[in-house]
Amino acid sequence: MANDDVSRIDATLVPPAERLGLVGLGAAIVSRLVIIVPYIWLLFFFLVPFAIVFKISLSQTAIAIPPYTPTLDFSDGFAGFIGALKELSFDNYVWLTQDPLYFYAYVSSVSIAAISTVLTLLVGYPIAYGMARAPASLRPTLLMLVILPFWTSFLIRVYAWIGILKPEGLLNQFLLSVGVISEPLIILNTYAAIFIGIVYSYLPFMILPLYASLEKMDYSLIEAAKDLGCPPTAAFWKITFPLSLPGVIAGCLLVFIPAVGEFVIPDLLGGSQTLMIGKTLWNEFFANRDWPVSSAVAVILLLILIVPIVFFQQAQARAQEQGR
Amino acid sequence: MNTTWSRFNITAIVLGFSFLYLPIVLLVVFSFNASKLVTVWGGFSTKWYVSMFHNQGLMDAAWVTIRVGLVSATVATVLGTLGALALTRYTRFRGRVLFSGMIFAPLVMPDVITGLSLLLLFVAVNLDRGMLTVILAHITFTMCFVAVVVQSRLLTFDRSLEEAAMDLGAPPVRTFFQVTLPVIMPAIVSGWMLAFTLSLDDLVVASFASGPGATTLPMKIYSQVRLGVTPEINAACTILIAIVAVGVLTASVVNKRREVQRRRDEQAAQRG
Amino acid sequence: MASLGSIRRDFAPWNDPNGKPYIRFENVTKRFGDFTAVNDLSLSIFEREFFALLGASGCGKSTLLRMLAGFEEPTSGRILLDGQDLRGIPPYRRPVNMMFQSYALFPHMSVEKNIAFGLKQEGMPKADIEKRVAEMLKLVKLEPFAKRKPHQLSGGQRQRVALARSVAKRPKVLLLDEPLGALDKKLREETQFELMDLQQNLGLTFVVVTHDQEEAMTMADRIAILDKGEVMQVATPTEVYEAPTSRFVANFVGNVNMFEGKVAASDATTARITGASGAQIVIDSAGAAAAGADVAFAIRPEKIKVSSKRPAEAVNALEGEVYDIAYLGDMTVYHVKLDDGQVVRASMLNAARIMDDPLTWNDRAWISFRPDAGIVLAR
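Protein chains in written order, with our numbering: chain P, 1 to 324; chain G, 1 to 272; chain V, 1 to 379.
The following block holds chain P by itself, in its conformation from the complex (with noise of 0.2 Å):
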């Protein structure tokens, strides 16, 4: 639009209820209620169960429903409650800190992780490079058939590997056929099922907001830098990926974040011999039945997480006001 007065920007300047008009007691309720029905919905069932983990973890296990003492609540009064409150501390932690294991398991959950993004990264990035640059009418029909397997079952494409990589797998019998190999690699149940499963499982992830960031590029970049006598490879190094350096972060947050604390690809693929804290936590809780531990084990992993995901939080937020 042509209108480049300054009238149309004062959206961040004027409180909501002047604007366009929206006055009387009518539509303030309507533009309150816009905001507190998501807002409260998210308050009680994303906040709040937040804190309960945490006074979860600050208690003991029992055998009892529920199976955690001591129960905070007015049954033996407010005295009570006070004598309840006292009972909290921080012995899970302590423990958990103590245990090589536990330390084990995150160092490698986050590791792992690492290592996966970095490998999808890798292998997503020429994809995405090679869709942004296909013909105009092909892309369409490239970017469904990424999103495709997508909507399909993450189990279900889980489930499918475990019959490619086991010994007597499809994977091996096509090498032994091959004569490639001579005795059948063990892959699943090791890490390097696990890198496999994470890079296939959240191969999209990475490769939409690539894409998203490369097809936006203008191309006649490339061709005066290589009129200025830029080779391509050094071209792509000093200008494409700079420029594709949003879409690289955003990939590599949805990767890496969720990663850390993934549990079916480390359970249907890894293996017993293989340690992520996604695992550890699920048999906690499922066969040790320890709901305390388990808490502090998920506010530990929330602690190492916070900070990519106030990241990835401020990305999305920047990303946001460009788009405006």
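A few of these clues could be false.
[Unchecked claim] What follows is a list of derived Cβ distance ranges for each label pair:
| hint | chain 1 | residue 1 | chain 2 | residue 2 | range |
| --- | --- | --- | --- | --- | --- |
| 1 | V | H151 | P | L176 | 25 to 35 Å |
| 2 | G | S152 | P | K86 | 44 to 54 Å |
| 3 | P | S220 | V | N251 | 34 to 44 Å |
| 4 | V | H108 | P | L245 | 50 to 60 Å |
Hints were generated in silico from the structure; no laboratory data involved. Glycine included, every Cβ here is placed at the ideal spot set by N, Cα and C.
Given chain P, put chains G and V in place with the hints provided.
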């Protein structure tokens, strides 16, 4: 971008997409395996599809999953759309930073944390676990995805359409329903489909939040996978894939047709 | 005042001492944070006027329009419509309609439904809506396109739909935000006259925002020239062009030459201005300037004659050299560098195919003009 497709690019695309689709193709192929093994071909047979339909546990789980998906997707779409509106239309309200954080965080939050925290909430308020809790849990984490999808559409929405409607006498609420909503409807529908798929697909959160009588299909499949796999699982998976594929392909074809028709209309208009 | 230009029309309610303005901006100020878009502005618009707000981008014209439509509220001051203060009245309750620069046609509705939208909002019975819509379609000559959607129309057709939609409710005031901006030149010229006819036939008050002088001069009864949120002059096109009240307006509309100097002598019928180089020009009136005051004499290029010899009967004649020539077909523009260094722009119609007095670059030449050919402006 330019349309010169180098050999490197083509190789990358072909290899990449083969990698993406290979496991799915193998899964589908082996669902027709006559033998009980999932990795050794024993001839063609559709017997697993038959036995799958007779597997009561599987069918019950499928029915639960569909109901949970439909309800949670619909509610999540409403809440997510409200959330998107709140974020894009009201740029200054108390607690906006917190609200924005709560909308974006679930996008990357590991399932185990979401699942555990919701379960502990339900226990704390003494809510019996069952279909209701699964639905509540699914609504909570899928609404954020809907919000992101709808929000990105709202950002490119032409506000002068709303101003025109108000100028012609429509108060704000009526403007929203008669002008804004119809125009952003495709994004809302995408959001619904995304929420539905995420709900259909979820294993971890459902495992935490569910209760007796509310076993979802992923939970059932997972438990059977642990016990030992037969091609019956493949058959179930193939059906799911087929449904999704048909859905996505139809949407894609319909969209493409609409685009072509639209372009033809615009060109015809230019010629006068 | 002596008759300026040659265009007369009997419609001039602003000259009527008993005239009551239909729209009044009273000391309106609009601030966006630190930025003042409109600064203590007062303006009157009369009923059935075709009024133009003209100015460069950022001058506040669109803000004024949006305040009138109700999309912004003034930071201070009032806006009155037919005597009623509009403060607090939302846009959907004002008897004012707007035609948007981007047309803002509802993409999911047909042409018919777009036009009917405003009528439905006011609860008009269905049969009446259909009649009015048919009337509007006939008005803008779009009957065969009634069922089409906006994306199936060309740019010019969309503009007509936007116009039909905005007058369908028969508002007392129609606001138009750069209505011709998106059209190509030929279409623009046709549409200018169509808009003027429409306004006359429907008896509406039009307020048009534009940055295009030609558009404003062609269509408007009166023009308000704005700069940085303030009104520089409000007058008819003729007055704006021939009697600008400030340097800004003189420079803004068309081209102008400024002869700077001091008032040497002045009485009822004649005055003199002495320039820095000592050259004197004779004019008919020094306006309000006293003797000795610093003034500029503003004269338009087409009022200046260029000739190779000093015209005998010319009261004002200055000598110089032809510095530049632009042949435009219907006229020729000369840039003449006077001996004191000032470059004067003069344009002459090529009224004859064969030129009587051909001039070329670097020729010595004389410029001459009548005493009443320009106007005195304060420094």
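Do the hints match the structure? See the list:
no.: 1; hint: V:H151 - P:L176: 25 to 35 Å; verdict: 59 Å, violated
no.: 2; hint: G:S152 - P:K86: 44 to 54 Å; verdict: 49 Å, holds
no.: 3; hint: P:S220 - V:N251: 34 to 44 Å; verdict: 39 Å, holds
no.: 4; hint: V:H108 - P:L245: 50 to 60 Å; verdict: 38 Å, violated
Going down the numbered hints, you'll see the structure goes against 1, 4, while the others check out.
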